[in-house]
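Visitor: Between the sequences and the hints, there should be enough to build the whole structure, so can you do that?
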Amino acid sequence: MTYPDGETRYDGDWVEFKRQGEGVLTGPGGEYYDGQWRDDNRHGKGTGCSKKGEEYDGDWSCDKYHGVGLQTYVNGDTYEGQWKLGKRYGTGVLTVAGPAGYRYEGQWEFGMANGEGIWCGNSGQTYSGSWKHNVRSGIATITWKNGDEYKGEVE
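Our numbering applies: residue -8 is where the sequence shown begins, and numbers increase by one.
Honestly, the hints are just simulated from the structure, not real lab data.
Computed from a predicted structure; not experimentally measured.
Just to be clear, a hint being listed does not mean it is correct.
[Claimed, not checked] DSSO-like, lysine-lysine: derived pairs with alpha carbons at most 30 angstroms apart: (1) Lys142 / Lys36; (2) Lys78 / Lys42; (3) Lys75 / Lys36; (4) Lys43 / Lys9; (5) Lys9 / Lys36; (6) Lys42 / Lys75; (7) Lys78 / Lys36; (8) Lys43 / Lys78; (9) Lys42 / Lys9; (10) Lys136 / Lys123; (11) Lys42 / Lys142; (12) Lys55 / Lys75; (13) Lys55 / Lys9; (14) Lys55 / Lys36; (15) Lys123 / Lys78; (16) Lys75 / Lys123; (17) Lys75 / Lys43; (18) Lys42 / Lys55; (19) Lys123 / Lys55; (20) Lys78 / Lys55; (21) Lys43 / Lys55; (22) Lys142 / Lys123.
Guide: Structure representation (structure tokens):
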């Protein structure tokens, strides 16, 4: 079915005039979704790409990332892990590309590092400890490239 805009197209299963089952939705600017549908929403396993070129492969619920999946951003950053209602939630790994890049592996809530996690910077510094709302907080171990180490409270 081609939508009235002439650029959006859905090929797949329908039930009572709603996308249901397996299907592919393509839109303008390279936007697409290939996967499962329920009640006209992306729901179940699927792969999608936004107009910006960001890709997601994983679980969906009610048109949002929900469950486990891999998101690849246009700049090369990636997040692989758990999602809840479109936000990073649970455990996962964020890898930030570029010379000032880093890797964070740990707990997430509402899209932010929250709980225990390990941050490793391209500079050779590592931080292992607690996070609160994307900020280092609590007891931690910080290790520098030269081997120096700090263990204790971080605020």
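Visitor: Taking the hints in turn, state whether each one holds.
Guide: Here is how each hint holds up against the structure:
Restraint check for lysine 142 and lysine 36: not satisfied, since their Cα atoms lie roughly 43 angstroms apart, outside the 30 angstroms limit. Between the alpha carbons of lysine 78 and lysine 42 the distance comes to roughly 19 angstroms, so the proposed pair stays at or under 30 angstroms and holds. With a C-alpha separation of about 14 angstroms, the suggested pair lysine 75 and lysine 36 falls inside the 30 angstroms cut-off, and the hint holds. Between lysine 43 and lysine 9 the alpha-carbon distance is near 27 angstroms, which keeps this suggested pair within the 30 angstroms criterion.
Straight-line distance between C-alpha atoms of lysine 9 and lysine 36 comes to about 18 angstroms, which keeps the hinted pair within the 30 angstroms bound. Of the supplied pair hints, the one linking lysine 42 and lysine 75 holds, its CA atoms being roughly 22 angstroms apart against a limit of 30 angstroms. Of the pairs offered as hints, the one joining lysine 78 and lysine 36 holds, with about 17 angstroms between alpha carbons and a cut-off of 30 angstroms not exceeded. Of the pairs offered as hints, the one joining lysine 43 and lysine 78 holds, with about 18 angstroms between alpha carbons and a cut-off of 30 angstroms not exceeded.
Distance hint between lysine 42 and lysine 9 is fulfilled; the C-alpha atoms sit about 23 angstroms from each other, no more than 30 angstroms. Using a Cα cut-off of 30 angstroms, the hinted pair lysine 136 and lysine 123 holds, with the two alpha carbons roughly 25 angstroms apart. At most 30 angstroms may separate the alpha-carbon atoms for a hinted pair to count; lysine 42 and lysine 142 exceed this at roughly 45 angstroms. Pair hint lysine 55 plus lysine 75 holds up; C-alpha atoms about 8 angstroms apart against a cutoff of 30 angstroms.
Straight-line distance between C-alpha atoms of lysine 55 and lysine 9 comes to about 18 angstroms, which keeps the hinted pair within the 30 angstroms bound. For the suggested pair lysine 55 and lysine 36, the alpha carbons sit about 11 angstroms apart, so the restraint of at most 30 angstroms is met. Distance restraint check for lysine 123 and lysine 78: the Cα-Cα separation of roughly 16 angstroms lies within the 30 angstroms cut-off, and the hinted pair is therefore satisfied. Annotation: proposed proximity of lysine 75 to lysine 123 holds, straight-line Cα distance about 18 angstroms (limit 30 angstroms).
Straight-line distance between C-alpha atoms of lysine 75 and lysine 43 comes to about 22 angstroms, which keeps the hinted pair within the 30 angstroms bound. Restraint check for lysine 42 and lysine 55: the C-alpha separation of about 16 angstroms stays at or below 30 angstroms, so the hint holds. At most 30 angstroms may separate the alpha-carbon atoms for a hinted pair to count; lysine 123 and lysine 55 meet this at roughly 24 angstroms. Between the alpha carbons of lysine 78 and lysine 55 the distance comes to roughly 9 angstroms, so the proposed pair stays at or under 30 angstroms and holds.
The hinted pair formed by lysine 43 and lysine 55 meets the criterion: a straight-line CA distance of about 17 angstroms does not exceed 30 angstroms. For the hint pairing lysine 142 with lysine 123, the CA-to-CA distance comes to about 18 angstroms; that is within 30 angstroms, so the pair holds.
Hints 1, 11 from the earlier list are contradicted by this structure; the remaining hints agree with it.
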